[in-house]
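Chain residues, written in single-letter form:
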Amino acid sequence: MSILTFAALIAIGSFFAGLLGALTGLGGGIIVVPMLTLAFHVDLRYAIGASLVSVIATSSGAAAAYVREGFTNLRIGIFLEVATTIGALGGAAVAGFIPTSALAILFGVVLLYTAYRSLQSHQEQSTNDPPHPWAVRMRLNGSYPTAHGMQAYTVQGVPTGFVTMFAAGMLSALLGIGSGVVKVLAMDRAMRLPFKVSTTTSNFMIGVTAAASAGVYLHRGYIEPELAFPVMLGVLGGALVGARLLVVARTRSLRLIFTAVVVILAAEMLYKGATGGL
Amino acid sequence: MEQVVGRLLQAGVLIAAAVVAVGGAMLLARDGHEIADFSVFRGESSLLRSVGAIARTAFTGDARAITQAGIVLLIATPVARVALTLVAFVVQRDRLYVGLTTIVLALLLYGLFWVG
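From first to last, the protein sequence lines are chains H and D. For the first sequence, counting from 1, position 174 maps to 174 in the numbering used here; every step adds exactly one. Numbers given in the numbering used here equal positions in the second sequence, counted from 1, plus 278.
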């Protein structure tokens with residue numbers, strides 16, 4: 001296959017990954033790596049490099065719209081970023097020593113978990129219970145604009161959230177994904193932030209975490225311009241169109257399609273990992 | 279402040295995407311007919327691995343280096359956002375968060391410039 005055809009096909013595939021990711025709110029990064037490795041036989045390391053680049057693009061693109069609305073809690077973001085950037089640099093440091101078959105299996109497990117989470121109904125977990133003592137000391141509690149004025153919220157489970165974020169950073173670096181599902185786990189479940197706050201703050205963090213590991217991978221030679229450019233432009237285009245379509249699309253059926261795709265990719269990644277085919 | 283951050287992110291992504299699009303188009307015009315094979319990891323050439331070398335090579339008009347420079351600009355966008363957040367905390371005289379933001383910024387710069 002010529003580089004021209006190759007780039008065109010990858011751009012089309014990445015466009016749909018970005019589109020589905022934006023429409024379901026689960027991010028396209030998790031589809032990009034399996035697509036590149038399984039369909040285009042790209043080495044896992046090049047795939048991870050290209051995927052991280054697209055993760056930064058969608059995160060920064062979406063954040064431009066988010067920051068104006070006042071939902072992002074910068075203190076929480078920065079506090080948790082300490083954990084995710086250390087996790088990401090640590091993950092990038094050990095990535096070279098982990099066999100690709102083990103990474104493929106880990107990827108399969110994360111895909112299965114993503115599918116499981118995408119089928120669960122989201123329940124608002126925010127609360128006005130007394131906050132965790134660290135939340136008071138670090139002034140993490142906040143408020144966000146709603147139709148009925150400013151709504152205050154308290155922050156729970158600060159240590160659990162911090163440790164989970166370390167794992168999110170590590171997974172992001174090892175697999176080249178945004179780790180949105182793990183970040184939501186930390187922020188919605190453990191820290192019990194309101195959705196609008198956790199979604200926007202986690203989006204801010206995804207870009208920063210991916211930038212930490214992308215920097216390291218650039219030095220390691222994982223970022224190949226022939227691959228990164230169609231993936232970045234494709235995913236970005238898909239995400240922009242997806243954000244526009246979000247108003248009219250039926251997300252319930254899309255979510256089912258997304259989940260089915262993710263389950264199939266999980267099975268393939270697990271199989272390839274177990275048989276050493278990657 | 280938040281307006282500025284929003285604009286910065288938007289501008290950063292758009293500029294990066296434009297540079298990548300120009301470099302990518304040049305790259306396809308030059309090498310588009312060659313056979314694509316990325317199934318074996320060889321590692322990118324050392325000319326396109328560090329920020330300084332990428333910038334120098336890009337200014338010679340090399341298509342691959344221009345594409346890579348666009349990607350570096352994209353990676354720099356969240357780093358710039360953290361730097362602006364640091365400025366916001368300095369203005370608020372919020373010592374704890376000036377400290378935490380400095381740690382995050384230092385880790386990011388370390389990843390981008392020093393890790394081999």
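Careful: at least some of the hints might be erroneous.
Covered, in the sense of this in silico footprint (three residues per stretch, anywhere, with C-beta under 8 Å from a C-beta of chain D), are these stretches of chain H [unchecked claim]: (1) 83-90; (2) 206-217; (3) 225-235.
Per the computed footprint, the stretches of chain D lying under chain H, defined by three or more beta-carbons under 8 Å from a beta-carbon of chain H, are [said to hold, decoys possible]: (4) 287-296; (5) 300-306; (6) 352-362; (7) 368-381; (8) 385-392.
Partial chain D-side listing against chain H, Cβ under 7 Å, derived [stated by the list, open to error]: (9) D309; (10) E312; (11) A314; (12) S317; (13) E322; (14) R334; (15) R342; (16) Q346.
Rather than coming from a laboratory, the hints here were simulated on the basis of the structure. Glycine included, every Cβ here is placed at the ideal spot set by N, Cα and C.
Do the hints match the structure? See the list:
| no. | hint | in the structure |
| --- | --- | --- |
| 1 | 83-90 | holds (count 4) |
| 2 | 206-217 | holds (count 9) |
| 3 | 225-235 | holds (count 8) |
| 4 | 287-296 | holds (count 6) |
| 5 | 300-306 | holds (count 4) |
| 6 | 352-362 | holds (count 8) |
| 7 | 368-381 | holds (count 5) |
| 8 | 385-392 | holds (count 6) |
| 9 | D309 | holds (5 Å) |
| 10 | E312 | holds (5 Å) |
| 11 | A314 | holds (4 Å) |
| 12 | S317 | holds (5 Å) |
| 13 | E322 | holds (4 Å) |
| 14 | R334 | violated (15 Å) |
| 15 | R342 | holds (5 Å) |
| 16 | Q346 | holds (5 Å) |
The structure is inconsistent with hint 14 alone, although it conforms to all the rest.
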